[in-house]
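Participant: Protein chains in written order, with our numbering: chain A, 18 to 221; chain B, 12 to 635.
Read the hints as simulated data drawn from the structure, not as lab findings. For clarity, every value in this text was computed on a predicted model and none was experimentally measured. A portion of the hints provided could be inaccurate.
To be verified - Here are the simulated lysine to aspartate or glutamate pairs, EDC-like style, with alpha carbons at most 20 Å apart:
id, chain 1, residue 1, chain 2, residue 2
1, B, Lys545, B, Glu487
2, A, Lys76, B, Asp245
3, B, Lys615, B, Glu598
4, B, Lys551, A, Asp129
5, A, Lys76, B, Asp159
6, B, Lys219, B, Glu230
7, A, Lys106, B, Glu346
8, A, Lys76, B, Glu244
9, B, Lys320, B, Glu134
10, B, Lys249, B, Glu294
11, B, Lys549, A, Asp159
12, A, Lys76, B, Asp269
13, A, Lys106, A, Glu137
14, B, Lys581, A, Asp129
15, B, Lys219, B, Glu206
16, B, Lys528, B, Asp427
Here are the chains, one letter per residue:
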Amino acid sequence: MTATTNILVVGIGGQGVMTATEILAEAAIATGHDAKKTEVAGMAQRGGVVSSHLRFGPKVLSPQIAPGTADLLLGFESAETMRWQHMLKPGAMTLMNTARLVPPVVELGLFDYPDDPLAEIRRTGNPVVAFDATRIAQELGDIRLGNTVMLGAIADYLPFPAETLLDGVLKRFHKKGEKLVDLNRRAFAAGRAAVEGNREMPPA
Amino acid sequence: MAALMPAPAASRHLMSGNEAVARAVWEAGVKVAAAYPGTPSTEMMEVVSTYPDIYAEWSVNEKVSLEVAIGAAYAGSRAFCCMKHVGMNVASDALMTLTLTGVIGGLVIAIADDVGLSSSQNEQDSRYWGRFAHVPVFEPADSQEAYDMTKLAYELSERFQVPVILRMTTRINHVKALVTVGERVPHAGAGFKKEPGRFVMVPGNAGKRIPLMFQRDVELRAAAENSPLNIIEDGSDKRVGFITSGPAYMHVKEAFPDAPVLKLGFSHPLPFEKCRALAALVEQIVVVEEVEPLVETELKAQGLEVLGKEILPLQGELSPNVLRPAIARLLGEPEPKQAPFAPLAVFPRPPTMCVACPHLGVYYTLSQVRNINIAGDIGCYTLGAGHPWNALDTCVSMGASMGVALGMDKGRGESDKDKRIVAVIGDSTFLHMGMQGLLDMVYNKGNVTVLLLDNRAVGMTGGQDNPGNGRDIHGEEAPRIDFAKLVAALGVKEERVHVVDPYELPVLFKTIREEVKVPDVSVIITNQPCVLIKDYHKLKPYEVIDDKCTGCGNCIDVGCPAIHVTRRGKEVKASGREVDLAFVRIESSVCTGCGLCVQPCAPKAIVHHVPSAPVQFAKEGGCA
Numbered sequence: 018m019t020a021t022t023n024i025l026v027v028g029i030g031g032q033g034v035m036t037a038t039e040i041l042a043e044a045a046i047a048t049g050h051d052a053k054k055t056e057v058a059g060m061a062q063r064g065g066v067v068s069s070h071l072r073f074g075p076k077v078l079s080p081q082i083a084p085g086t087a088d089l090l091l092g093f094e095s096a097e098t099m100r101w102q103h104m105l106k107p108g109a110m111t112l113m114n115t116a117r118l119v120p121p122v123v124e125l126g127l128f129d130y131p132d133d134p135l136a137e138i139r140r141t142g143n144p145v146v147a148f149d150a151t152r153i154a155q156e157l158g159d160i161r162l163g164n165t166v167m168l169g170a171i172a173d174y175l176p177f178p179a180e181t182l183l184d185g186v187l188k189r190f191h192k193k194g195e196k197l198v199d200l201n202r203r204a205f206a207a208g209r210a211a212v213e214g215n216r217e218m219p220p221a
Numbered sequence: 012m013a014a015l016m017p018a019p020a021a022s023r024h025l026m027s028g029n030e031a032v033a034r035a036v037w038e039a040g041v042k043v044a045a046a047y048p049g050t051p052s053t054e055m056m057e058v059v060s061t062y063p064d065i066y067a068e069w070s071v072n073e074k075v076s077l078e079v080a081i082g083a084a085y086a087g088s089r090a091f092c093c094m095k096h097v098g099m100n101v102a103s104d105a106l107m108t109l110t111l112t113g114v115i116g117g118l119v120i121a122i123a124d125d126v127g128l129s130s131s132q133n134e135q136d137s138r139y140w141g142r143f144a145h146v147p148v149f150e151p152a153d154s155q156e157a158y159d160m161t162k163l164a165y166e167l168s169e170r171f172q173v174p175v176i177l178r179m180t181t182r183i184n185h186v187k188a189l190v191t192v193g194e195r196v197p198h199a200g201a202g203f204k205k206e207p208g209r210f211v212m213v214p215g216n217a218g219k220r221i222p223l224m225f226q227r228d229v230e231l232r233a234a235a236e237n238s239p240l241n242i243i244e245d246g247s248d249k250r251v252g253f254i255t256s257g258p259a260y261m262h263v264k265e266a267f268p269d270a271p272v273l274k275l276g277f278s279h280p281l282p283f284e285k286c287r288a289l290a291a292l293v294e295q296i297v298v299v300e301e302v303e304p305l306v307e308t309e310l311k312a313q314g315l316e317v318l319g320k321e322i323l324p325l326q327g328e329l330s331p332n333v334l335r336p337a338i339a340r341l342l343g344e345p346e347p348k349q350a351p352f353a354p355l356a357v358f359p360r361p362p363t364m365c366v367a368c369p370h371l372g373v374y375y376t377l378s379q380v381r382n383i384n385i386a387g388d389i390g391c392y393t394l395g396a397g398h399p400w401n402a403l404d405t406c407v408s409m410g411a412s413m414g415v416a417l418g419m420d421k422g423r424g425e426s427d428k429d430k431r432i433v434a435v436i437g438d439s440t441f442l443h444m445g446m447q448g449l450l451d452m453v454y455n456k457g458n459v460t461v462l463l464l465d466n467r468a469v470g471m472t473g474g475q476d477n478p479g480n481g482r483d484i485h486g487e488e489a490p491r492i493d494f495a496k497l498v499a500a501l502g503v504k505e506e507r508v509h510v511v512d513p514y515e516l517p518v519l520f521k522t523i524r525e526e527v528k529v530p531d532v533s534v535i536i537t538n539q540p541c542v543l544i545k546d547y548h549k550l551k552p553y554e555v556i557d558d559k560c561t562g563c564g565n566c567i568d569v570g571c572p573a574i575h576v577t578r579r580g581k582e583v584k585a586s587g588r589e590v591d592l593a594f595v596r597i598e599s600s601v602c603t604g605c606g607l608c609v610q611p612c613a614p615k616a617i618v619h620h621v622p623s624a625p626v627q628f629a630k631e632g633g634c635a
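Isolated chain A, as found in the complex:
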């Protein structure tokens, strides 16, 4: 990776994309980087498209990631992961949740949801690791753990230790009791394991 690392986190409003990016930003700062985090969110709380940009390095100027310059893409939803592929550097890695969140415009029959987003992403030639973070979270007992599963998935692709990111995640739950801390620790580990089992290329 170059001096500035560009990470794009995408999904839809309400999935916790912005929070996940903030935790990544805090971990980058904790390891001595300058960092800026920004969103193209709009009225995102209403189930719209969210793309959150994180840039970190010795000194970050513009907060936006330009198309074709993202080092990593973390996708919380299949079609959304597809939507932002052009943002990646050639050969840069995508980590994606295979869950499909179908919007009302598709239910109404106005548009089609892509049959196989993963296949279309693979067609770009960029490496991708896909896993069902939503199912992993459900198996752990709470769909809201999906966010932590996703952070676990990206943990071994960052230029700082996975443990720093894990600490940042768990810090958010300290006040909410040991049970939630433990659940999130397990969700993080499950995310790491899911990627480990599907790896197509070695981590950076």
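Following the hints, position chain B against chain A.
Facilitator: The following block gives chain B in isolation, referenced to the frame of chain A:
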């Protein structure tokens, strides 16, 4: 929001521009802060309200918020006011005279421009207000600068006894970056001192203040020339020098690290001499500003040869990848390659209303009423213009539904002479600027049915409190307005005022259909809370009995995002007409049991969900 223990001085935090300004406001010893919510400005006042020793309020609109701040500043206290760009249109009446009186205590007005229209009805450049009102403008380029400039703005405000505009954009308000914070320095106001020649702006007094305002312009320009916020950063590549401000500065530095740059932090009045000094260093100058060519136009009027909007877009956000090709073309160089391929084609995903939103009931019903034109307003309910409802025909400005509806009534043409006119407005928008319009409608004998959607929150900006829900900015009890009494006081006949539960579709439908037939002003108030606020109580979720669903699709027309199609089919009716079928399921994990979809379901296939596996409803579920 609850009061927090402020972070210690000299500590470093990841803060949005909004959080950084709020911190600086507190540190500057501000006593009074007022605002009306509006993206992307909202969090400034939300965060200010968490600090101790500062009075914070949600005002009913931006004009009132500025007037509250003006009063405090006249009394010698430091005051703060913030708003989104369109808010200043509302507040400008006060601003244009405030510039004549000036202030005693420092007054900073933070205006957040939604460049790129992520959540607004238009795109405006608030730097115009600095020119129009003869007040200085500061433009931060990131969170740290937003923090630093807020504090400096209070010093400038008191030194020149002038309000200062802190011009922000979404890329400042909502970007998180590192900020080193400082200490609060208490500021003691002397109290209001009567000075009618200055504070009573009748013509005789105001006329005498105008020359002082022009003299102040001269002094402010001199201050801008000497301000450390306006700096020339020399560079080795002299082919193009840049004059830039706000977040555009970061884009310039990113794209052209070797170019000389004049960074304008104190951007109005413009420091002409500094601009000339940059011109002496470089072969040509490009002005990079969001969004209007203000600096560019003023420099051209000064006889400086500069380029700007000839080569850069007049609309939307700038970024390094907008600047690089434009400058490459200017220099006759090959354009840098951008993305390796075009975006893959994916369906659009517009924002939707929430699961169980009470507005769903309103728009489903409106979509079933024929022969109506619907004047809309600004809030979540503007989404009613979209699918599947298509039940909102205009959206202009806060409160405009009232006047627009009356105008549609009075201005009928041949094609709509028999149409009924409906206006839709939310509770907070009504209190913001709709009341006057309704009064006008009553006074001028309009024929409009008004739907006043009282969901007890400013929903679109995150559920802030307002006079309609009986809570103040701290969530504490406050006087609660009674909308039925309010509209009656504005002259709507009592028999024309109805309070309806928007989840009771037959009642809502009947009420609307009856009222649109009455040639008078009617107000139908819907009374269920926003699903995102604590007043909302979840009920037991529903599910679809698969083999009972006939695929009629009626429930889909409600527009609830919890309803999903499982399979599609076709059916040939007895008449020979072929109809599309859509069989559905309800995502019971997100359904909160509002029951809207149950009502139009012909085969009664929607029933309460019986959980099979471990129950995971939130504790506050309040299962019926």
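Participant: Please go over all the hints and tell whether each is borne out by the structure.
Facilitator: Going down the list of hints, with the structure as the test:
1. Lys545(B) x Glu487(B): holds, 13 Å
2. Lys76(A) x Asp245(B): Since the Cα atoms of Lys76(A) and Asp245(B) sit roughly 19 Å apart, the hinted pair holds (cutoff 20 Å).
3. Lys615(B) x Glu598(B): holds, 17 Å
4. Lys551(B) x Asp129(A): Status violated; Cα separation ~31 Å.
5. Lys76(A) x Asp159(B): Holds - the C-alpha atoms of Asp159(B) and Lys76(A) are around 19 Å apart, at most 20 Å.
6. Lys219(B) x Glu230(B): Between Lys219(B) and Glu230(B) the Cα gap is close to 18 Å, so the pair holds against 20 Å.
7. Lys106(A) x Glu346(B): Cα-Cα ~18 Å, so holds.
8. Lys76(A) x Glu244(B): Roughly 17 Å between the alpha carbons, so the hint for Lys76(A) and Glu244(B) holds.
9. Lys320(B) x Glu134(B): holds, 16 Å
10. Lys249(B) x Glu294(B): Holds, at roughly 6 Å.
11. Lys549(B) x Asp159(A): holds, 18 Å
12. Lys76(A) x Asp269(B): Roughly 16 Å between the alpha carbons, so the hint for Lys76(A) and Asp269(B) holds.
13. Lys106(A) x Glu137(A): Status holds; Cα separation ~17 Å.
14. Lys581(B) x Asp129(A): holds, 18 Å
15. Lys219(B) x Glu206(B): Distance ~14 Å between Lys219(B) and Glu206(B) Cα, so the pair holds.
16. Lys528(B) x Asp427(B): holds, 15 Å
Going through the hint list in order, the structure does not satisfy hint 4, though it satisfies all others.
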